[in-house]
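Okay, here's what each chain looks like letter by letter:
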Amino acid sequence: MSLLATTPRPPAASPWAATLTLGWRAMLKIKHVPFQLFDVTAFPLMMTLMFTYLFGGALAGSPREYVQYLIPGIVVQTIVFITVYTGVGLNGDITKGLFDRFRSVPIWQPAPIFGALLGDVFRYTTAATMVILLGLVMGFRPAAGVVGVVAAVALIILFALSLSWMWIIVGMKVQSPESVMTSSFLLLFPLTMGSNIFVDPRTMPGWLRAVVAVNPVTHLADASRGLMHGNVAARDVVWVLVASAVVTAVFAPIALRMYHRER
Amino acid sequence: MIPAIETTALVKRFGETRAVDGIDLRVERGAVYGLLGPNGAGKTTTIRLLATLLRPDGGTARVLGHDVAREPAAVRAKVCLTGQFASVDEDLTGHENLVLVARLFGHAWKGARARADELLAAFDLADAAGKQARTYSGGMRRRLDIAASLVVTPELLFLDEPTTGLDPRSRNQVWDIVRAIAADGTTVLLTTQYLEEADRLAGRLAVIDHGRVIAEGTSQELKRSVGSNALHLRLDDASHRAEARHVLRRVLGAEVHDGADAASLTARVHDPARLAEAVAALGAGGIAVAELAYGQPSLDDVFFALTGRGSEDAVAAPAASTEKVA
Ligand SMILES: Nc1ncnc2c1ncn2[C@@H]1O[C@H](COP(=O)(O)OP(=O)(O)OP(=O)(O)O)[C@@H](O)[C@H]1O
Ligand SMILES: [Mg+2]
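From first to last, the protein sequence lines are chains A and B. If you count by the numbering used here, then the first sequence holds residues 13 to 275, one letter each, in order. If you count by the numbering used here, then the second sequence holds residues -11 to 314, one letter each, in order.
Bear in mind the hints are in silico, worked out from the structure with no lab data behind them. The hints are all genuine.
Calculated cross-link-like contacts (lysine-lysine; reagent style BS3-like; alpha-carbon spacing at most 25 angstroms):
no.	chain 1	residue 1	chain 2	residue 2
1	A	108	B	66
2	A	43	B	119
3	B	66	B	98
4	B	98	A	43
5	A	43	A	108
6	B	119	B	98
7	A	108	B	119
8	A	108	A	185
Looking at chain A on its own, in the form it has when it is part of the complex (with noise of 0.2 angstroms):
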């Protein structure tokens, strides 16, 4: 038998067809290994219920009012966490040899990170769908209804894909996948935790206050708040985007010129 096609060689994939291409794969890596979705899930999906039933009371005279407040701010928690995913997705298919593969050929150089990027608006959006179906089991109920809900998670996906540049540099410039998870703790701990997702800043202390008002996560969370119940503030989803935009801006074209760059 001959290994050799038989059939004459088609040109190469389109940059279109090579990003959905890996698109296609990042999506099959969720299915054949969902624990990588539920591990960084599970976190928010506790804190949830930790928070609503053990201090919802307290902080917001409720556990019923207090999940309308919190369930936007863990959807915007839980996404901004498996951003960091994409570092880890890249570092490995570096250090596995599988992006020599990709390189030598002849498809669209940075395809394979669009492709990465496209597969990680799908995780981003299975998440954020898990978060809120257990939102509404503990009785979410987002005033501005399924419009406001996908405004909402749409411009959580957005910043996170700001962000997710930042793990595609990690990713180049450490030895392993391991290492990428560990620095993301850094940042995203303090991130998250430094904003108002799970409390009003107003019972805060001054310098504490100041810092959570310029986080963007902080006008992230009221953003999606805002657009899930339908008393959505112009300027916080103006400062999102933004940042969304500056965030791009400064760490997109430092990372596919690392990528173009030799290793």
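With chain A held as given, fit chain B with the ligands onto it using these hints.
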């Protein structure tokens, strides 16, 4: 005809290490060409330069007529690479891995699936097609990896140590695959640390050491360059080796060097008439011989003649080799 590969004074440095230190190669089309060298010789770096994954620091390399630095896309459109470490996605099944690569090479979904099925059958992987690649044995993974490089037919295929770490049966399977690929008209550049492998597969080969080509030719030519034939011995008892060396040197009047394992020896035989005498002398000295082979020098002997050390010594001392380069 334009050669498959032509390099002049190709150089690649990593910091102080000159991984490729002025390599001149010319590989004609339509054959298996071997790059033979110990650990750290610069084989992988050479292949990565030729496959446009690295940019040369000096010299030029043309692959199928295209300059690797100036026309990398044109090179990539004609070559395929199977790297040293199996580059398959372990989370995906064998079938999905091949569909992925087939899609990237431009097949439509349907065509990609059909080609994946074809390759899985041809590489004896049909039974494992639906299993995740992480469950594959080393040999299966290697075959999947090579299959991924044959989704479309490359004009030139790079195989970096395709059989390292495989058992003899898997190694034979890969050898058959390489021969079949070459028989179909694809040029193959393969690297290996195994002298036997280069001898069996490659029509011509280059021996590289410390980033330089130290010998080039057919394996016949390389063996002839060593000159005389060789007597290979393995003793029953390794502790007799020094004594055996002494006896052989005395009787054959030629150089004798130690082999790869502690109980083996190789002796040049300039005068075959003295062979029987040498063996008898060993017997008379009470040195029991477990294995004995007489014939053309092996590539091990070639390596020894070229570098003054066996290939195994080179493997054992990669640190020393980088020191020397630095
Ligand atoms: N990315 C890199 N950064 C720094 N040094 C490198 C890098 N890649 C290779 N080297 C060095 O270059 C030299 C040649 O390495 P190379 O991988 O080409 O050898 P090789 O012949 O393929 O060896 P092996 O048989 O072990 O695969 C070695 O000294 C190695 O340490
Ligand atoms: Mg190598």
